[in-house]
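Enquirer: Spelled out from the first residue to the last, the chains are:
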Amino acid sequence: MISAGMDVGAKTVKVVIVKDGAIIGKGIATAGLEATGAAGAAWEQALGEAGLARDAIEKVTATGARREEVGGYDDAMSEVVADALAMHVAVPEARTIVDVGAEEGRAIKVNADGKVLDFAVNEKCAAGAGAFIEAMARAMQVSMAEFGKLALESTRTIPINAQCAIFAESEVVSLVHDETSRPDICKAVNDAIADRLAAMSRRVLLQPKVALIGGAALGIGLQDSLKRGLDLEELVVPENVQFFGAHGAALSASEQ
Amino acid sequence: MAKYKTESLRCWDKAKELRQGVYDGIAKARDEGTMIVAGGTESAIALPAGFDMEFLGGEPYGASCTFMGIKDSSKYMKYFEAAEAAKFPRDLCSYMRLGFGSFLCNSYAFGGTYPKPTFNLQTHICDTHGKWYQIMSELEGVPYNCVDYVPFEWEIENESEESKDLKRDYVKNQMLDVIDWMEKVSGKEFDDEKFINAVNWECEATNLWARCCVVNRSIPAVMDEKMMFSLYVIAVLMRQRKAAVDFYRELLDELEDRAARGIAAFGDERLRLLHDSQPPWHSLEIFRYLEEFGAVSIGANYSFALSGGWAYDKENETWFPADPPRVAGVELKTREDACAWYANWLLEYHIVLRSLRFSGRGKNQRMHDIVKKWHVDGVMMHLNRGCEGTAVGQMEMRYYFSENNIPSLTYEGNHADKREFDLPRTKAKIDTFMETLGVRKFSEE
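The listed protein sequences correspond, in order, to chains A and B. For the first sequence, this note's numbering gives the first residue as 1, with consecutive numbering after it. For the second sequence, this note's numbering gives the first residue as 257, with consecutive numbering after it.
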């Protein structure tokens with residue numbers, strides 16, 4: 001069976017096509033205020049990679065906060081359960097999933113069957129979300145990749161407010177005015193986000209292995225901060241970190 | 257076809273009539289210049305019942321403002337805006353802000369001008385309450401008194417009898433002082449017989465409500481929490497009156513009959529949830545949304561016990577409806593007797609007030625007990641930014657649920673200020689929670 005999953009997130013749209021459980025195509029496009037165009041672009045990439053036409057897809061399941069804006073799917077599911085399904089395939093030994101999306105951070109506890117046992121998401125505050133890291137990278141006038149690399153150069157720990165993105169941002173402004181070095185600021189921001197994610201992960205009674213996914217998982221600075229924050233020997237960062245929601249949705253579509 | 261039979265509650269209109277009667281009575285007292293006492297409704301409201309008076313309780317008034325604002329929020333938002341214009345910050349208790357704003361607008365949500373009380377009487381049940389009516393009294397220019405409240409520890413903490421005795425005496429003596437004070441500031445004579453009756457009725461009404469909640473252990477639940485909001489408010493508003501006792505006696509009979517006949521509050525019940533904290537009054541549709549999945553909130557510690565009435569069974573480590581004086585074979589003869597009994601009732605059996613002060617093992621035990629006895633499948637916790645009291649210990653409790661494999665969901669909001677509530681996001685969280693509990697919307701099956 002050929003099925004697809006579409007994850008319409010706050011910032012990007014991801015599409016994954018699976019055949020008999022294996023990924024055969026994937027696409028990602030940045031969505032602005034209007035997500036439909038981005039969904040079209042993501043579909044085009046994924047179908048191109050799979051070498052298929054749209055009508056070859058037997059079933060589409062969607063996830064993500066903005067999915068209703070885009071439409072064009074047969075079924076819908078939550079990001080939490082989609083992440084768990086995909087993780088069960090990608091890293092079956094993972095028991096805790098930390099997903100840092102643009103607008104929402106999540107911690108998900110799963111069992112050996114990939115069933116969700118517990119989950120926590122950040123509340124209205126953006127302090128556990130990827131959008132905050134992006135905003136700080138922009139403030140530092142560096143790319144996300146560079147933001148992570150700079151953080152690893154720092155040798156200092158500067159605690160900043162992990163509870164509120166607004167307060168954290170104003171503290172970053174103070175650090176800039178104090179002429180604190182950019183690596184130290186980058187590390188402080190990553191540490192603050194990681195503290196928030198660690199608190200969320202502990203709320204679901206964190207168990208190893210811990211896997212980090214979501215767009216912000218690509219940041220090596222955040223990986224380092226979270227590993228320290230959770231006092232982990234190993235933090236798994238699987239391939240295709242941005243596609244777990246779409247992959248899980250595609251797997252769900254193929255199950256039904 | 258629904259799984260269970262449903263019927264309208266015969267008491268429903270009576271509940272609405274009683275509630276409206278309280279607010280109409282306050283308006284009438286305002287217009288006729290007779291005595292109004294205001295304060296937190298979880299204050300010892302039997303105390304001023306020694307006078308002929310109407311009691312304006314700040315919390316149910318705030319909840320009513322918000323609920324009435326569902327259709328036209330401008331009617332109550334003006335109260336928030338007036339409070340904010342007077343420099344009261346948004347992180348204060350939202351009921352308190354509605355009270356301030358209502359006074360500052362000189363507007364009564366039930367019509368006409370704000371009913372200025374003869375005096376304010378408060379019990380300092382949480383860190384906010386004492387200050388709330390102190391400020392209100394300063395604004396209104398009326399006398400103010402506050403009974404300090406030091407609840408017993410949760411039973412699991414094994415508080416000593418000596419400590420309890422000290423607390424009983426402390427609260428009882430304050431009550432006696434308050435009676436003298438009320439006579440002085442009102443210039444009216446306190447009627448001990450009326451007070452003693454009020455204490456008896458308050459204990460009886462809250463005992464009966466607790467018994468109604470026990471009936472709700474039935475599967476299917478005979479009440480859902482939406483119904484409870486309209487039913488428990490009678491105890492909140494007027495538990496010191498005989499009419500409340502009569503109402504709950506009738507309700508209990510009706511609920512027992514419904515349970516015997518398998519009548520459900522919601523015909524498609526397949527998942528039972530327990531709620532925590534006040535609901536978001538402006539967005540009660542979330543409870544209706546749960547029904548799309550076949551889920552019913554069977555209540556909350558808050559809804560079960562807001563006005564007291566639960567005793568602890570040490571042997572079986574559970575709670576049961578506390579015996580009021582006449583059932584316990586106690587005749588209250590004097591003002592002192594009534595104050596002593598009343599102080600003990602509030603300290604020992606008012607377990608919501610206790611949960612506003614002490615986080616930790618005791619509340620966890622109480623919640624777990626409800627989960628077991630009411631056959632609960634999951635817990636929905638409102639992280640209520642509008643009430644610091646009910647927020648006490650919530651994340652600690654969330655951790656406890658995880659440790660005990662009790663599925664739980666937290667959602668952030670504010671019981672009265674809808675500006676702090678995100679309905680689509682809350683619904684999305686409910687979607688996820690339901691999916692993890694293995695149910696989908698009926699419409700998607």
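Derived by calculation from the structure, the hints in this document are not laboratory data. Ideal Cβ positions, reconstructed from N, Cα and C, are used throughout, including at glycine. Check the hints yourself; a few may be wrong.
Here are some, though not all, of the chain A residues that point toward chain B, as calculated from beta-carbon distances under 8 Å [stated by the list, open to error]:
# : residue
1 : 2
2 : 74
3 : 77
4 : 80
5 : 206
6 : 230
Simulated crosslink set (DSS-like; lysine-lysine; CA at most 25 Å straight-line) [as the list claims (entries may be wrong)]:
#  : chain 1 : residue 1 : chain 2 : residue 2
7  : B       : 498       : B       : 444
8  : A       : 11        : B       : 683
9  : A       : 115       : B       : 387
10 : B       : 697       : A       : 59
Across the chosen pairs, the derived CB separations fall in these ranges [said to hold, decoys possible]:
#  : chain 1 : residue 1 : chain 2 : residue 2 : range
11 : A       : 34        : B       : 678       : 18 to 28 Å
12 : B       : 412       : A       : 146       : 35 to 45 Å
13 : A       : 44        : B       : 268       : 36 to 46 Å
14 : B       : 280       : A       : 36        : 49 to 59 Å
15 : B       : 678       : A       : 159       : 23 to 33 Å
Enquirer: Are the hints correct? Go through all of them and say.
Expert: Do the hints match the structure? See the list:
The restraint placing residue 2 of chain A at the interface with chain B is violated, with a minimum CB-CB distance near 23 Å, outside the 8 Å limit. A least Cβ separation of about 11 Å between residue 74 of chain A and chain B goes past the 8 Å threshold, and the interface hint is therefore violated. Below 8 Å, beta-carbon pairs count as interface contacts, and residue 77 of chain A has one with chain B at about 6 Å; its hint therefore holds. A hinted interface residue such as residue 80 of chain A counts as satisfied when its beta carbon comes closer than 8 Å to some beta carbon of chain B; here the least separation is about 5 Å, so the hint holds.
The interface hint given for residue 206 of chain A is violated, since its Cβ lies 10 Å from the closest Cβ of chain B, which is over the 8 Å cut-off. Interface restraint check: residue 230 of chain A against chain B, minimum CB-CB distance 16 Å, threshold 8 Å, status violated. For the hint pairing residue 498 of chain B with residue 444 of chain B, the CA-to-CA distance comes to about 23 Å; that is within 25 Å, so the pair holds. For the suggested pair residue 11 of chain A and residue 683 of chain B, the alpha carbons sit about 21 Å apart, so the restraint of at most 25 Å is met.
For the proposed pair residue 115 of chain A and residue 387 of chain B, the alpha carbon gap of about 48 Å is over 25 Å, so the pair is violated. The hinted pair formed by residue 697 of chain B and residue 59 of chain A meets the criterion: a straight-line CA distance of about 20 Å does not exceed 25 Å. Restraint check, residue 34 of chain A to residue 678 of chain B: a C-beta distance of roughly 21 Å satisfies the suggested window 18 to 28 Å. Under the hint 35 to 45 Å, the C-beta atoms of residue 412 of chain B and residue 146 of chain A, about 54 Å apart, miss the expected range.
Between residue 44 of chain A and residue 268 of chain B the beta carbon distance is about 57 Å. The supplied range of 36 to 46 Å is therefore violated. Roughly 54 Å separates the CB atoms of residue 280 of chain B and residue 36 of chain A, a value that falls within the hinted 49 to 59 Å. In this structure, residue 678 of chain B and residue 159 of chain A meet the distance hint of 23 to 33 Å, their C-beta atoms being roughly 29 Å apart.
Figure legend: structure checked against the earlier numbered hints; hints not met, in rising order: 1, 2, 5, 6, 9, 12, 13.
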